[in-house]
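Let the sequences and hints guide you as you build the complete structure.
Under my numbering, the first residue of the sequence shown carries the number 2, and numbering increases by one thereafter.
Keep in mind that the hints are not guaranteed to be accurate.
Capping the alpha-carbon separation at 30 Å, the derived lysine-lysine pairs in DSSO-like fashion look like this [as the list claims (entries may be wrong)]: (1) 13 <-> 102; (2) 30 <-> 44; (3) 30 <-> 102; (4) 167 <-> 62; (5) 122 <-> 134; (6) 30 <-> 45; (7) 122 <-> 167; (8) 102 <-> 141; (9) 167 <-> 13; (10) 62 <-> 30; (11) 121 <-> 95; (12) 24 <-> 141; (13) 44 <-> 13; (14) 95 <-> 24; (15) 45 <-> 121; (16) 146 <-> 167; (17) 30 <-> 146; (18) 141 <-> 44.
If you anchor each label on the Cβ, the simulated ranges turn out as follows [as the list claims (entries may be wrong)]: (19) 26 <-> 154: 33 to 39 Å; (20) 46 <-> 116: 37 to 43 Å; (21) 25 <-> 164: 41 to 47 Å; (22) 146 <-> 118: 30 to 36 Å; (23) 116 <-> 24: 31 to 37 Å; (24) 74 <-> 142: 14 to 20 Å; (25) 159 <-> 30: 34 to 40 Å.
Just so you know, these hints were derived from the structure itself, not from any lab. These figures come from a predicted structure and were not determined experimentally. Cβ atoms here follow ideal geometry from the backbone N, Cα and C, with glycine treated the same way.
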Amino acid sequence: ERIEFANQLGLKCMVCSGGLGAKTEDEVKQRCDQMNHVGEMVKKGGMIAGYHNHNGEFDEKIDARPQYDIMLEHLDSSLVKMQFQVAAITSGYKAQDYFRKFPGRFISAHLQDFSPTDNKKQVVMGTGIVDWKDFFAAAKVGGLKYVFVEMESDPTIMQGCADYLKNF
Numbered sequence: 002e003r004i005e006f007a008n009q010l011g012l013k014c015m016v017c018s019g020g021l022g023a024k025t026e027d028e029v030k031q032r033c034d035q036m037n038h039v040g041e042m043v044k045k046g047g048m049i050a051g052y053h054n055h056n057g058e059f060d061e062k063i064d065a066r067p068q069y070d071i072m073l074e075h076l077d078s079s080l081v082k083m084q085f086q087v088a089a090i091t092s093g094y095k096a097q098d099y100f101r102k103f104p105g106r107f108i109s110a111h112l113q114d115f116s117p118t119d120n121k122k123q124v125v126m127g128t129g130i131v132d133w134k135d136f137f138a139a140a141k142v143g144g145l146k147y148v149f150v151e152m153e154s155d156p157t158i159m160q161g162c163a164d165y166l167k168n169f
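This is the structure:
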């Protein structure tokens, strides 16, 4: 019924968001099997299924590997695309590295930038720690079709980001 409703709205993508809550590689694989099944249903419904990460998929490691890496190995790229949350940079992971390592696997990204002196503080894009020139160059390899500026609470940041992107 959700797929039917999404079609009525004219949506092109359905994206799942949330942490895995997995403690073992087998649990990650099980979650991926579930996402692959959902992706198959969404694809039959005429849309693209996606998965939106948070920092947990990078911070919660299994055998010293981020869960996100395990997910990319076990998700069927023909059924589930990824929506990269750029905030993962605050855990030491750059979107552009993943775009290059897994070409064509990404549908979209949530854009945020963070202070060089306090990586918990969101700042206007272009004034923080993300290398946007490299990001957008790699985004072509990754397959990005959509980007969304994520604004936590300060509307001036959103306006600054919009202005930055217009002049990029």
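Outcome of the hint check:
Distance hint between residue 13 and residue 102 is fulfilled; the C-alpha atoms sit about 25 Å from each other, no more than 30 Å. Our distance criterion of 30 Å between C-alpha atoms is met by residue 30 and residue 44, whose separation comes to about 20 Å. With a C-alpha separation of about 20 Å, the suggested pair residue 30 and residue 102 falls inside the 30 Å cut-off, and the hint holds. The straight-line distance between the Cα atoms of residue 167 and residue 62 is roughly 37 Å, outside the 30 Å bound, and the hint therefore fails.
Of the pairs offered as hints, the one joining residue 122 and residue 134 holds, with about 21 Å between alpha carbons and a cut-off of 30 Å not exceeded. Of the pairs offered as hints, the one joining residue 30 and residue 45 holds, with about 22 Å between alpha carbons and a cut-off of 30 Å not exceeded. Distance restraint check for residue 122 and residue 167: the Cα-Cα separation of roughly 23 Å lies within the 30 Å cut-off, and the hinted pair is therefore satisfied. For the hint linking residue 102 to residue 141, the alpha-carbon distance of about 12 Å falls within 30 Å, and the restraint holds.
With a C-alpha separation of about 25 Å, the suggested pairing of residue 167 with residue 13 holds against the 30 Å cut-off. The hinted pair formed by residue 62 and residue 30 meets the criterion: a straight-line CA distance of about 14 Å does not exceed 30 Å. For a cut-off of 30 Å, the pair hint linking residue 121 to residue 95 stands: about 16 Å separates their Cα positions. For the suggested pair residue 24 and residue 141, the alpha carbons sit about 33 Å apart, so the restraint of at most 30 Å is broken.
This hinted pair checks out: residue 44 and residue 13 have alpha carbons roughly 10 Å apart, not beyond 30 Å. Pair hint residue 95 plus residue 24 holds up; C-alpha atoms about 24 Å apart against a cutoff of 30 Å. Note on residue 45 and residue 121: the hinted pairing is violated, with a Cα-Cα distance of about 40 Å set against a maximum of 30 Å. Restraint check: the Cα-Cα separation between residue 146 and residue 167 comes to about 17 Å, which is no more than 30 Å; the hinted pair holds.
Restraint check for residue 30 and residue 146: satisfied, since their Cα atoms lie roughly 27 Å apart, inside the 30 Å limit. Between residue 141 and residue 44 the CA atoms are separated by roughly 23 Å; this keeps the pair inside 30 Å, and the hint holds. At about 36 Å, the CB distance of residue 26 to residue 154 agrees with the hint of 33 to 39 Å. At roughly 41 Å, the beta-carbon separation of residue 46 and residue 116 lies within the given 37 to 43 Å, and the hint holds.
Range check, residue 25 to residue 164: Cβ separation about 46 Å, and the 41 to 47 Å hint holds. Here the CB-CB span from residue 146 to residue 118 is close to 34 Å, well matched to the stated 30 to 36 Å. With their beta carbons about 33 Å apart, residue 116 and residue 24 fall inside the hinted range of 31 to 37 Å. Checked against the hint of 14 to 20 Å, the C-beta distance between residue 74 and residue 142 comes to roughly 19 Å, which is consistent with it.
Range check, residue 159 to residue 30: about 38 Å between beta-carbon atoms, so the 34 to 40 Å window is met.
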